[in-house]
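A.B. asks: Here is how the chains run, residue by residue.
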Amino acid sequence: MIAVKNLTRQFGHLTAVDAVSFDIHPGDVVGFLGPNGAGKSTTMKMLTGFLTPTSGSIVIDEHTIGDESLAIKSKIGYLPEGAPAYGDMTVFQFLDFIASARKLKGAYKKERLKAVIGDLSLESVLNRHIDNLSKGFKRRVGLAQALVHDPKILILDEPTDGLDPNQKHQVRNLIKALAKDKIVIISTHILEEVTAVCNRVMVIAKGKIRFNGTPKAFQQQSRYYQAVTLSLSYAADISGLAELDGVAEMEIDKATGNVTLFPEPGHLILNAVAEHIQLRRLPVDELHVETGRLDDVFRQITCDEDGEGEAA
Amino acid sequence: MSVWVIGKREFASFFSTPVAYVFVAVFLVLSGILTFFFGDFYERGQADLLPFFNVNPWLYLFLVPAIAMRSWAEERKTGTVELLMTLPVSLGQVVLAKFLAAWSVLGLTLMLTFPLWLTAAYLGNPDHGIIVAAYIGSWLMGGAFLAIGMCMSALTKNQVVAFILAILVSFLFVVSGTAMVLDAFEPWANSLIIDTIASLSFLTHFSAMAKGVLALNDVVFFILVIATGLYASLVIIEQKKAE
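The listed protein sequences correspond, in order, to chains A and B.
For the first sequence, position 91 (counting from the first letter as 1) is numbered 91 according to my numbering, and the numbering increases by one without interruption.
Count along the second sequence from 1, then add 1000; that gives the number in my numbering.
Okay, chain B solo, but in the shape it has when bound (with noise of 0.2 Å):
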């Protein structure tokens, strides 16, 4: 209930400022032009939203956290905070009513993109259920993202700074299992610590759900982090909150 509550202000709120038309926007016409001019949707010759799924992860990477940023900075900032914290509400309410808000709106952007499953389903005969699995498995991942730029968000008062941060914490995630940085470990780790590395990667476990397939494993992995960048939040947060 009081989740309820506060998700609806936290939402309406992302509308009654520019935050989410911008956002919205941004993603659509990004999306397009990476999915039709860097993907080669037309030339692959396959009738399939991969080249969409695959730039996911750098479209988030960049835009989930603008969402994210003023989710908490915004409101140490105006002493908003006192108010809500003075609620007979609890802290861990807040913290899910705050996220669920923020991935409603990313769920809405992800909703928008359909003219892209439309243009498929025109010019070829895809399987539905591929897709559907693979836009969960993509607002899972932005769930994740979303975590991470909300923990971020929750650690300054200034929206610039948790902006910059949730790209930088991000990026590590996007990029752990790259062989690029996997390289980097490779002469003087041992094969634990570039396991536990390699399996932090956004990109390794988005690249089955991109593809249609949820397995128990990537799935459980992008709710732990989400599970994981609340929880930090709500410690952040609480130690934070008087400054």
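So that you can see chain A by itself, here it is in the shape it has in the complex (with noise of 0.2 Å):
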């Protein structure tokens, strides 16, 4: 497990990272989510070992970052942002060099090669430069390269940007097949990928947690979680929807016609408006209930109280 307690890291002025404290446990799949420079990357360095905090402990299954830095590196898999490799070596050559660097020997390491190379579908340019690889490439390399030891821990960030839907849908997979022992903390831009692959979210703005908890009550702050929108083949009346029990507020968007129904606060208005509309015979050509609207809840947590918006 690692616990983080009061994690500080600052550059000259800058605070990045200011008094962080979380725990994470094994089988937790964490979502770092949070605007550009808002800290997420700083605090992945600081876990494993790249950068040393200014202040602050993380402890990490028992050992201390500091003193047993090397105990704790080879406990961790990192993907680093934008998943550097040496350009001049091989896939093979590079993922080799990886894995004897992280002391593998003989046929484990043919084997744990072999594996992570099968995995992530290398097969095809195990003899190509990797300078000369599509991102696509260049980021399953990297991820490779994270798991050739079967770590504990794996952190990746941002482990799906510049992958198309098919692989970002490989790569979650994969991340969610790993998951079970093992702690995996990932950073993503990508709303949807938390909700598809963790069981966790943070949110990090200002160097500050804003946000410690399932991707559940993530979707939960949003105005629109369970929220009905419907859609009316042509006007009708449909006043008696915003009087109906629960609805705290109708809404009807000018541009497409659509309306949506805005349930007061642990309720589910889905039986109500259904029996209402099959009452007063409405034309309702669409009808669907709202899961939450990520990207409103992310501008919520991160944009500060007085307006000024996340920073770029």
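Don't read these hints as lab results, they were simulated from the structure.
Since the structure is predicted, the reported quantities are computational estimates derived from the model, not experimental observations.
One should not assume that every hint holds.
Ranges between beta-carbon positions, derived for each pair [unchecked claim]:
| hint | chain 1 | residue 1 | chain 2 | residue 2 | range |
| --- | --- | --- | --- | --- | --- |
| 1 | A | 114 | B | 1235 | 36 to 42 Å |
| 2 | B | 1192 | A | 21 | 53 to 59 Å |
| 3 | A | 61 | B | 1235 | 25 to 31 Å |
| 4 | A | 118 | B | 1238 | 34 to 40 Å |
| 5 | B | 1046 | A | 70 | 50 to 56 Å |
| 6 | B | 1015 | A | 21 | 36 to 42 Å |
| 7 | A | 54 | B | 1158 | 33 to 39 Å |
No residue lacks a Cβ here, since even glycine has one placed at the ideal position from N, Cα and C.
Got two chains here, separate frames each, mind docking them using the hints?
C.D. replies: Structure, rendered in structure tokens:
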């Protein structure tokens, strides 16, 4: 497990990470969200032992970073931002180098190399120079090197950036399959990714944790959570919808004519709405329950109260 | 073990790019030209390699920074430094591995100057012990240039800047013992300062080595320069890796 207490990192006068504390347990797949420059990468870099914290402590499986960094580093698999790799090496040479540097030997090394090459479908590019690979392949090579020693803790900085939808799907499934007995921390800008693979969401903005909970709790922050949207084929009297029990508010999108009914907190309104539609024979073409608009929640959490907005 | 794994990769990377080939070729061509045309190899009428060893510091001054410049600058520019430093390997091991890899390229280059040696042996009867000792001395001095170059490479992400800084700093070490430099200090500095400056001179320490004399103080001097350069790189990288 990972225990982080009052972790702070300053660059000159800039406080990138500001007294952050959290615990992560095996089986947790944590999604780090936050605007660019919010401190996600800096936090990850400190967890991997690459950056030294200005103050605060990180304890990983009873090892403290700083005193026992080497012991910690051997437990962690890390994909740095942008998936850097030695471009003048071939994919196989590179993975073999990382495996050797991680002290894998003999038959076990071969087995692990074969496993990660298979998991990330790298067979076709093994003898190509990394410099000549497409962005998607480079990312997968980066993932392969992070996985080669079968680490207990996996820290991935934007693992699906630059992948096409099929590859994203593949990587997400891989992460889910890995997650059973490991700790996985991923950072991403793709909000759907968090609900797709993570069982925990942490939002960081301006160096502070603004949200730490389940993806469901994250969705529930949205006013659209469990809201019902319907579209009508022609204008009809819908004023009755707003009067229904549990409906807090009704909004009509002027451009599309879609009607959205927002529930009072804790209420489910689908049944009442459906009944009303049947009773009044409203000309409803389409009706669906919203799961919560993640980008709204994201903006709401990361923007400052003073309306200054997120930093670029 | 880790030093071996990383050093091997570094060594191979010199040869997977044109860097090593260009370095070796230019070094061999220039050392040949300088030895035969400017060193009066034949005219001296002596079967030794002194003309070759005398030009070594000047060759190193421009060529060693070329193999040292990418060592850290490129790692930081491409971000691979992050990869390297999250491996279960200490920074000291990485610094050492990088140095040993580049130093091996230098050693290999020196070995490839063997035709000069064969020429001397063909024309006369050189003292082979002296030549071996001078080669070792030259390699040591090359290591000192290399450590300085790598330290400069740690300072910047830009290889050209690293190259120029390395030449500049190395040049100071090369010329610090010459009369020209010492005369500039003569009027105002006390003898302690002048002696210190003079004692830092690569030329002074190498002059005996070129003649095949491996005096302890010269050997220790170059080892100290190497150690200091590497330690400084380590401190600089530790400071700058985050940028």
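A.B. asks: State for each hint whether it applies.
C.D. replies: Structure-based check of all given hints:
For residue 114 of chain A and residue 1235 of chain B, the Cβ-Cβ distance of about 41 Å falls inside the hinted range of 36 to 42 Å, so the restraint holds. Take residue 1192 of chain B and residue 21 of chain A: their Cβ atoms lie about 55 Å apart, and the range 53 to 59 Å holds. Remark: the range hint 25 to 31 Å for residue 61 of chain A to residue 1235 of chain B is upheld by a beta-carbon distance near 30 Å. Evaluation of the 34 to 40 Å hint for residue 118 of chain A and residue 1238 of chain B yields a pass: the beta carbon distance comes to about 38 Å.
Between residue 1046 of chain B and residue 70 of chain A the beta carbon distance is about 55 Å. The supplied range of 50 to 56 Å therefore holds. Our hint of 36 to 42 Å for residue 1015 of chain B and residue 21 of chain A is violated, since their Cβ atoms are close to 49 Å apart. A hinted range of 33 to 39 Å for the beta carbons of residue 54 of chain A and residue 1158 of chain B is inconsistent with their spacing of about 27 Å.
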